[in-house]
Amino acid sequence: MLHHGEILPNTLIADVPVNFSGFSPKNFDLTYQGAVPASEALSQSLNVPAVEMLHQFGEARFLEILRKLGFTSFIYPAEHYGLSLILGGGECSLLELAGAYASLARVLNRFESAQEYTTGDYRPLELFRTKFPEEKRNDTRRKDSDISGFMFKKAGAKSHHSAIENHNTARESEESLSLLSAASIWCTMEALQQVNRPRERSGWRHFESSRRLAWKTGTSFGLRDAWALGTTPEYVVAVWAGNADGEGRPGLTGLSAAAPAMFDLFDLLPQSGVWFERPESEMSLEEICAESGYKASVYCRSKTKQTVPARGLKTAVCPYHRLVHLSEDGKFRVNASCYSLDRIRNDSVFVLPPAMEWFYRKSHPAYRGLPPLLETCSGEKEFQQMEILYPRNPYSLYIPRELDGSPGKLVVEVVHRKASALLFWHLDDRWIGNTRGIHQMSIDPPPGNHTLSVFDQDGNSLIQDLNIQAGPGER
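Residue numbers (the working numbering): 1 to 475.
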């Protein structure tokens, strides 16, 4: 999305419960932040924002990029993988992953030295055999398949530290044919530097001798295996950890099992101290909203100058800062129907959608949100007051039976900006109950199409169509 200019590095991405045709991704810690900068979503390995971005970008476009990066194991169409592709829903080898990281680093190295792109920078890695001195003397019979771990160098010069080299010599330069821009790759590498390192290395920023490293981990479903992969301008190191029989083990995660070995291997490699240079010709110094990460609008209260990919200049300005009419003390929203015009105070307010706001407020105590409307005022319908938290994006729903065989129920949850709001619930124009404070309602509609309607005491409404699927043996 950075390459296509669809987001900026710190654009806020929704981190709320979602449901896409029955696919409901969860973050590893089972929590939600409401909204999180794209760069932090990557460095924190947040599943929900990743799926949200892929939903916006498109599975087919993403799969095409992966294949051009050298992933040959994705043999099915995009529909087969769906949105789970961004979370590891497709199988690939460690060699393919390492090759992709090497290609990205190679693009940055070439752009730094020659300000150009070449299709030859995207190529798979090949195993090759390096004879060690004792092998030359003893003519060992050890085969390539006996080697259980590899390190490989991806820069121009060869090194005796490398057990993997690239043998594709196609170097013809073709301008503007880079799969990904240097600016988008550089921003990604910057975000990957912020990934939390293992506990024993958590203080690396306090030591000048620490190696800068863009790295990432992965953990398979069921804790069956894990990997860690890191890159510098000179080297890529990839580590897989797991059991040959695929049996899961508690604690078998990328951070705890694979990352320590990866860092130990990097410690054995020469350290130049250099890092990827920022591709200045593809960057632009722009005024960015400090709260939303979008290009700053005239209503943004806090603005910062940031160097961002120039392609991102076509993105929208901040949609969350809004000009509102407030009372003299700033505590209430007002309008001409209830307040003297000469006493109305205009102010900019950072306002997230209700669902994002509900989670965002928990981890951001300073978040003010939208002030309530003065009770004597009317006609204020500019801001959405409530939003369905679950089920979100429902195409069709299946309500399973309970363990005892009795019919199950669907628990619908709504969030409202006003903590004390009283909500009135209707299913197919039939009143089913009221809620205050926590807005959850259990419903058991029969299979078919239904309409859920929720109203508050101020006349705001929320309408959601539901399609309930019949279970096995039901009609």
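Treat the hints as calculated values from the structure; they're not laboratory data.
For each residue, glycine too, the CB sits at the ideal point set by N, CA and C.
It is possible that part of the hints are untrue.
Said to hold, decoys possible - Label-pair distances were calculated between CB atoms; the ranges are:
| id | residue 1 | residue 2 | range |
| --- | --- | --- | --- |
| 1 | GLN271 | GLY88 | 27 to 35 Å |
| 2 | ALA244 | ARG67 | 26 to 34 Å |
| 3 | LYS331 | PHE424 | 39 to 47 Å |
| 4 | TYR76 | LEU223 | 50 to 58 Å |
| 5 | THR72 | GLU382 | 32 to 40 Å |
| 6 | TYR76 | VAL317 | 35 to 43 Å |
| 7 | GLU382 | GLY89 | 18 to 26 Å |
| 8 | GLN271 | ALA244 | 32 to 40 Å |
| 9 | ARG345 | ASP444 | 45 to 53 Å |
| 10 | GLY246 | SER302 | 48 to 56 Å |
| 11 | PHE424 | SER302 | 21 to 29 Å |
| 12 | PRO446 | ASP264 | 58 to 66 Å |
| 13 | SER202 | ARG343 | 19 to 27 Å |
As the list claims (entries may be wrong) - For lysine-lysine, the following DSS-like pairs were computed, each having C-alpha atoms within a straight-line distance of at most 27 Å:
| id | residue 1 | residue 2 |
| --- | --- | --- |
| 14 | LYS362 | LYS26 |
| 15 | LYS331 | LYS362 |
| 16 | LYS418 | LYS381 |
| 17 | LYS216 | LYS331 |
| 18 | LYS314 | LYS68 |
| 19 | LYS362 | LYS381 |
| 20 | LYS418 | LYS362 |
| 21 | LYS314 | LYS303 |
| 22 | LYS331 | LYS381 |
| 23 | LYS216 | LYS68 |
Results of checking the hints against the structure:
Taken as a hint, the range 27 to 35 Å holds for the pair GLN271 and GLY88, whose Cβ atoms sit roughly 31 Å apart. The hint said 26 to 34 Å for the Cβ distance between ALA244 and ARG67, and at roughly 29 Å that hint holds. Our hint of 39 to 47 Å for LYS331 and PHE424 is violated, since their Cβ atoms are close to 27 Å apart. At about 25 Å, the CB distance of TYR76 to LEU223 disagrees with the hint of 50 to 58 Å.
One distance hint, 32 to 40 Å for the beta-carbon pair THR72 and GLU382, is violated here, with the actual separation near 52 Å. Taking the beta carbon of each, TYR76 and VAL317 are about 39 Å apart, inside 35 to 43 Å as hinted. Separation of GLU382 from GLY89 is about 40 Å and departs from the stated range, judged on CB atoms against 18 to 26 Å. The beta-carbon spacing between GLN271 and ALA244, approximately 33 Å, falls within the hinted interval of 32 to 40 Å.
Roughly 49 Å separates the CB atoms of ARG345 and ASP444, a value that falls within the hinted 45 to 53 Å. A beta carbon spacing of about 50 Å between GLY246 and SER302 agrees with the range 48 to 56 Å that was offered as a hint. Under the hint 21 to 29 Å, the C-beta atoms of PHE424 and SER302, about 39 Å apart, miss the expected range. Remark: the range hint 58 to 66 Å for PRO446 to ASP264 is upheld by a beta-carbon distance near 60 Å.
In this structure the hint that SER202 and ARG343 lie 19 to 27 Å apart at CB is violated, the actual value being about 53 Å. Note on LYS362 and LYS26: the hinted pairing holds, with a Cα-Cα distance of about 18 Å set against a maximum of 27 Å. Taken as a hint, the LYS331 and LYS362 pair is honoured in the structure, with Cα atoms around 21 Å apart against an allowance of 27 Å. For the given pair, LYS418 sits about 14 Å from LYS381 by alpha-carbon distance, which is consistent with the 27 Å threshold.
About 45 Å separates the Cα atoms of LYS216 and LYS331, which puts this hinted pair outside 27 Å; it is violated. A threshold of 27 Å between alpha carbons decides the hint, and for LYS314 with LYS68 the separation of about 26 Å falls inside it, so the pair holds. Restraint check for LYS362 and LYS381: the C-alpha separation of about 26 Å stays at or below 27 Å, so the hint holds. The hinted pair formed by LYS418 and LYS362 meets the criterion: a straight-line CA distance of about 15 Å does not exceed 27 Å.
With a CA separation close to 18 Å, the supplied pair LYS314 and LYS303 stays within the 27 Å bound. Only pairs whose Cα atoms come within 27 Å are accepted, and LYS331 paired with LYS381 is accepted, the gap being roughly 18 Å. With a CA separation close to 21 Å, the supplied pair LYS216 and LYS68 stays within the 27 Å bound.
In summary, the numbered hints that this structure violates are 3, 4, 5, 7, 11, 13 and 17.
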